[in-house]
Each structure stands twice: as structure tokens, then as C-alpha cells.
Amino acid sequence: MQSWTQLYRSLATRSHNLPCKLHGASALSVRTYADKAAIDADITVVGSGPGGYVAAIKAAQLGFKTVCVEKNATLGGTCLNVGCIPSKALLNNSYFYHMAHGKDLESRGIEITGLTLNLEKMMAQKSGAVKALTGGIAHLFKQNKVTHVNGYGRVSGKNQVTAVADDGSEQVINTKNILIATGSEVTPFPGIQIDEETIVSSTGALSLKKVPDEMIVIGAGVIGVELGSVWQRLGSKVTAVEFLGHVGGLGIDMEMSKSFQRILQKQGLKFKLGTKVMGATKRPDGKIDVAVEAAAGGKNETLTCDVLLVCIGRRPFTQNLGLDSVGIELDNRGRIPVNNRFQTKVPSVYAIGDVVAGPMLAHKAEDEGIICVEGMAGGAVHIDYNCVPSVIYTHPEVAWVGKTEEQLKEEGVPYRVGKFPFAANSRAKTNADTDGLVKILGHKETDRLLGAHIVGTGAGEMINEAALAMEYGASCEDIARVCHAHPTVSEAFREANLAASFGKAINF
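Its first residue numbered 1, the sequence shown is counted upward by one per residue in my numbering.
One or more hints might be untrue.
Stated by the list, open to error - Result set (SDA-like, lysine to any residue): computed pairs, CA atoms no more than 20 Å apart in a straight line:
hint: 1; residue 1: Lys103; residue 2: Gly286
hint: 2; residue 1: Lys272; residue 2: Ile288
hint: 3; residue 1: Lys126; residue 2: Asn72
hint: 4; residue 1: Lys419; residue 2: Asn507
hint: 5; residue 1: Lys126; residue 2: Val211
hint: 6; residue 1: Lys444; residue 2: Asp478
hint: 7; residue 1: Lys504; residue 2: Arg481
hint: 8; residue 1: Lys345; residue 2: Asp324
hint: 9; residue 1: Lys272; residue 2: Arg315
hint: 10; residue 1: Lys103; residue 2: Thr430
hint: 11; residue 1: Lys88; residue 2: Ala100
hint: 12; residue 1: Lys145; residue 2: Ile39
hint: 13; residue 1: Lys209; residue 2: Phe141
hint: 14; residue 1: Lys142; residue 2: Asp40
hint: 15; residue 1: Lys270; residue 2: Thr304
hint: 16; residue 1: Lys282; residue 2: Pro188
hint: 17; residue 1: Lys276; residue 2: Leu303
hint: 18; residue 1: Lys71; residue 2: Phe141
Unchecked claim - Ranges of calculated distance between the beta carbons of each label pair, as one might list FRET restraints:
hint: 19; residue 1: Glu293; residue 2: Gln143; range: 54 to 64 Å
hint: 20; residue 1: Thr488; residue 2: Lys299; range: 43 to 53 Å
hint: 21; residue 1: Ala432; residue 2: Asn320; range: 51 to 61 Å
hint: 22; residue 1: Gly503; residue 2: Lys142; range: 55 to 65 Å
hint: 23; residue 1: Gln319; residue 2: Lys504; range: 50 to 60 Å
Just so you know, the hints here were simulated from the structure itself, not pulled from any lab data. Glycine is no exception: its CB is placed at the ideal position from the N, C-alpha and C atoms.
I would like the entire structure built from these sequences, with the hints used as guidance.
Right, here's the structure in full:
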């Protein structure tokens with residue numbers, strides 16, 4: 001099999017002859033009245049989030065003359081600036097505070113007096129991490145010779161992008177191919193106006209000036225439970241209101257969701273499931289009244305809070321991109337329809353990440369960005385979405401990849417279940433951190449790994465072993481026969497696979 005290094009060298013070599021292979025064989029020269037001289041490019045990426053910046057770097061490495069257009073002052077998109085990265089900083093630091101403030105450290109013989117929370121300093125650490133990583137992308141662009149254009153990018157022709165800067169000046173890029181990677185934005189809640197101070201989206205929840213006495217979270221999906229956990233650990237009384245009957249959002253295995261919910265409730269989070277929010281009203285004293293009722297209909301109830309966090313999901317950022325000017329229509333969910341090479345109906349315009357179908361995950365966008373530009377260079381384009389893992393970064397973490405038990409039942413696939421609790425894992429026991437379990441789903445006849453589900457510390461790291469195994473079609477026995485270092489929490493993953501394949505684990 002040809003190695004990745006050989007493939008990249010081969011594609012890079014081919015790229016010297018790419019103009020005759022790319023759609024729109026020569027970049028169109030269009031007369032403009034822009035303030036800056038037009039730029040010519042092979043590929044112009046609109047958006048510098050995880051999908052966009054990774055695609056731009058890979059394109060440049062393959063020999064394409066690459067431009068990346070970004071409307072914000074810093075690179076990295078939602079993920080690095082107001083999403084994945086700052087939220088993980090707060091999740092990590094709030095957990096340290098929770099351990100010190102509660103009885104966790106005390107039970108380990110670590111006694112602290114005079115403990116205080118310096119929220120401003122905690123926020124500064126988060127901001128420092130964000131600044132370092134967004135600055136790192138700018139460095140990578142320079143290192144890989146990606147041209148960064150600051151401005152709001154719009155498609156102004158099948159082979160042209162126009163970037164409008166904050167001062168109104170325009171930069172025209174004449175380009176052989178266009179890659180839309182504009183990501184997503186917070187889905188607004190009808191009738192509730194977000195001010196990012198007391199009624200906040202996930203963005204505002206990452207920068208609150210003080211810990212609210214009481215917080216209500218609309219939505220108990222991934223973002224809701226993560227940010228709810230942060231503020232609950234720091235001292236807020238948090239209640240999450242969820243329309244669905246479970247926590248963790250779509251895609252989570254129901255057994256794992258129930259286990260996860262019990263652990264969060266033990267930590268102090270409260271949930272009102274199967275409940276819909278009817279509206280929210282600010283009171284003269286600054287508090288917020290939130291009207292709720294049972295999703296199936298029923299008696300109205302009013303909940304009161306100091307901060308209302310609205311996180312009912314995200315929607316594709318696809319408006320005002322000029323797509324209609326080239327005849328590209330959106331689907332009924334605002335996404336850009338693409339083929340299996342991520343091409344739109346206009347062959348020179350591609351799209352990846354949150355603006356196309358599939359889970360709204362940074363790592364999914366990164367993979368799509370890489371294989372999309374490799375496809376432009378003549379390489380194979382393939383991604384197995386069943387092997388894309390999902391993670392909730394609470395404590396304990398929740399992670400999964402592949403099919404849930406509910407999906408296998410619905411599809412009529414014969415399967416076996418193997419489980420192993422962290423309470424029976426030696427490393428988890430020595431760490432005094434035994435919440436959760438590993439659940440493995442294997443094909444009843446072939447033993448092929450069909451799904452892996454983990455609730456526990458380090459689940460987000462362990463799930464990558466499952467993703468690798470599934471990508472290569474491993475059986476549960478294959479994993480069970482791989483030697484795992486002892487003592488490690490990942491031994492629980494091996495034991496669960498042994499239980500799925502053989503019927504019994506060793507240590508449980």
C-alpha cells in the first residue's frame with residue numbers, strides 16, 4: 001500500500017501541472033473597482049475554523065497557491081475563539097476548583113484553608129490559551145505560505161471571491177477553486193433576546209464577570225451540560241431544561257445517557273427533561289423568569305435565575321455568502337448540498353464542515369478539509385462518518401463512536417454487549433475516580449466492533465483507540481488480544497471487548 005508520505009509527494013509533484021486539471025482551467029480576470037489589487041489563487045478558502053485553516057495548510061503543502069479569507073480579527077473560527085478551546089480551559093480549571101473546594105482533595109489528605117476563587121485570573125488563563133493557539137495558526141499560515149486575507153468573504157463569481165474589510169475596502173481574489181468553510185452560528189431561541197450579559201449564548205457563558213447564584217440552561221445537549229458543569233462547579237445552582245427525555249443530545253447511547261445523568265445529578269446539576277421553554281422575562285430586580293411546561297403539554301411553571309444560558313444547538317453559517325449569485329441553493333436546514341467529493345452543483349465551488357450534512361464537529365471538518373483538497377489534487381476522497389467519534393468534556397467525560405444499541409436494534413443487526421465498570425479497574429481505583437463504564441457492541445456473528453461507548457475519566461482519549469479499531473475493521477477479539485499497559489484506565493476498554501467477544505471479562 002502506498003504510504004501517506006509517498007502519496008503527498010506524488011500529489012505535490014502533480015500539482016505543478018494542476019492548472020490544466022482544475023475546474024475553471026484559468027482564473028477569471030474580472031474588472032473591479034476594489035481598493036486593492038486583485039490576487040490570483042489556485043484555491044481560496046472562506047473561513048479559518050478547524051476545517052478551513054487545516055484545508056488551507058494542506059492545500060499549500062500540496063503545491064496550490066492558497067488564500068484563506070477570515071472575517072474575524074483572529075484565525076481559528078468559533079472553535080478556537082469562543083468554542084472548543086476556551087470551554088475546555090474553563091472545564092479543566094473549574095474541576096480543579098471543585099476538587100479543592102469540595103471534599104475530594106481533603107479525602108486524599110490535601111487540606112486547604114483560605115481557598116478563594118479568582119474568576120478574573122481563571123478567565124485570563126483561558127484567554128492566554130486562546131491567544132497562543134490562534135497566533136499559532138497565523139504562524140502556520142506564514143510557514144506554509146498561505147495568504148491570509150482579513151474580511152467578510154463572499155462568492156462573487158464561479159471563480160472569484162470578494163473580501164470586504166471592516167473599513168469597507170475590498171479585496172478581490174480570482175481563483176480556480178473556492179472552498180466554503182464558514183462553520184456555524186448559535187441557533188437563536190424565538191422570543192428570547194440574547195444580550196450576552198444575563199441572557200447569554202455559549203459565547204457569553206465563557207466570559208461571565210461573576211458566578212451567578214442561579215443559572216438556567218436551555219438545552220441539556222453537549223454544550224449545555226459542559227457549560228452548566230463549569231458554573232455549577234464554581235458555585236452556581238444550575239438547572240438544565242431539556243425538550244428531549246434524556247441528556248447528552250442526539251447520538252448518545254441511552255444506557256450511557258442515564259448513567260451520565262445520575263453522575264451529574266450526584267454532582268449537583270438538576271434536570272427538567274421532557275420540558276419545553278415557553279419564554280423568558282427580565283424582572284425589575286434583574287432576575288429572569290423562565291416559563292416552562294411539559295413537552296407533551298401541561299401545567300405552566302415559572303423558574304427564576306440570575307443568568308439564562310440558551311444553547312439549543314447551532315445552525316450553518318451560510319447566509320450572505322453570495323452562493324445564490326452562482327446558482328447554489330441551500331437545503332431545508334440551511335446547508336450546502338455537496339457530492340462525495342464535497343463539490344457543489346458548481347464544479348469549482350466546494351464546501352466542508354458545519355455548512356454541509358453530518359455532525360457539527362471540529363475534527364469531522366478537519367478530515368473533510370484534508371480529503372477535499374487532496375481530491376482536488378487527484379487523490380482519493382473517502383471518509384467513514386461511522387468512525388467519527390463524539391466527546392462530552394465534563395467530568396467524567398462521555399465518548400462514543402459507531403452505532404448505539406438503539407440503532408442496532410432498529411437496523412435489525414445481531415449484536416453482543418460487553419461492559420466493564422471503572423470501579424473494577426485498578427488505575428481508576430487508585431485514582432479514587434471510579435464513576436462510569438465502558439460498553440462495547442460487537443457483531444454477534446462476525447465479532448466485528450460496531451460501537452464503543454465510554455463514561456469515565458479520560459473517555460475522550462480512550463475513544464480514539466476504538467475509532468482506529470473500527471476504521472480498520474477490527475473484531476472485539478482483536479482488541480482483547482492487544483496487550484495494554486498496567487495499570488491504566490484503558491485496560492477497561494480491553495476488558496469490555498473481552499466481555500463482548502468471549503462473554504466474560506477477567507477482572508469483573
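Verification of the hints:
1. Lys103 / Gly286: It is violated: about 33 Å lies between the C-alpha atoms, which goes past 20 Å.
2. Lys272 / Ile288: The given pair, whose Cα atoms are some 17 Å apart, holds under the 20 Å limit.
3. Lys126 / Asn72: holds, 19 Å
4. Lys419 / Asn507: holds, 11 Å
5. Lys126 / Val211: Distance of about 16 Å is within 20 Å: holds.
6. Lys444 / Asp478: holds, 15 Å
7. Lys504 / Arg481: holds, 14 Å
8. Lys345 / Asp324: Between Lys345 and Asp324 the Cα gap is close to 12 Å, so the pair holds against 20 Å.
9. Lys272 / Arg315: It is violated: about 24 Å lies between the C-alpha atoms, which goes past 20 Å.
10. Lys103 / Thr430: The hint holds at about 17 Å.
11. Lys88 / Ala100: Measuring from Cα to Cα gives roughly 19 Å; hence the hint holds.
12. Lys145 / Ile39: Judged against 20 Å, a Cα distance of about 14 Å means the pair holds.
13. Lys209 / Phe141: Distance of about 34 Å is beyond 20 Å: violated.
14. Lys142 / Asp40: Holds - the C-alpha atoms of Asp40 and Lys142 are around 18 Å apart, at most 20 Å.
15. Lys270 / Thr304: holds, 14 Å
16. Lys282 / Pro188: holds, 17 Å
17. Lys276 / Leu303: Holds - the C-alpha atoms of Leu303 and Lys276 are around 12 Å apart, at most 20 Å.
18. Lys71 / Phe141: Between Lys71 and Phe141 the Cα gap is close to 16 Å, so the pair holds against 20 Å.
19. Glu293 / Gln143: 54 to 64 Å: The hint (54 to 64 Å, Cβ to Cβ) holds, given that Glu293 and Gln143 are roughly 55 Å apart.
20. Thr488 / Lys299: 43 to 53 Å: Holds, since Thr488 and Lys299 (Cβ atoms, about 50 Å apart) stay within the stated range.
21. Ala432 / Asn320: 51 to 61 Å: With Cβ atoms ~53 Å apart, the hint holds.
22. Gly503 / Lys142: 55 to 65 Å: holds, 56 Å
23. Gln319 / Lys504: 50 to 60 Å: holds, 55 Å
Violated hints, in rising order: 1, 9, 13; the structure is consistent with all others.
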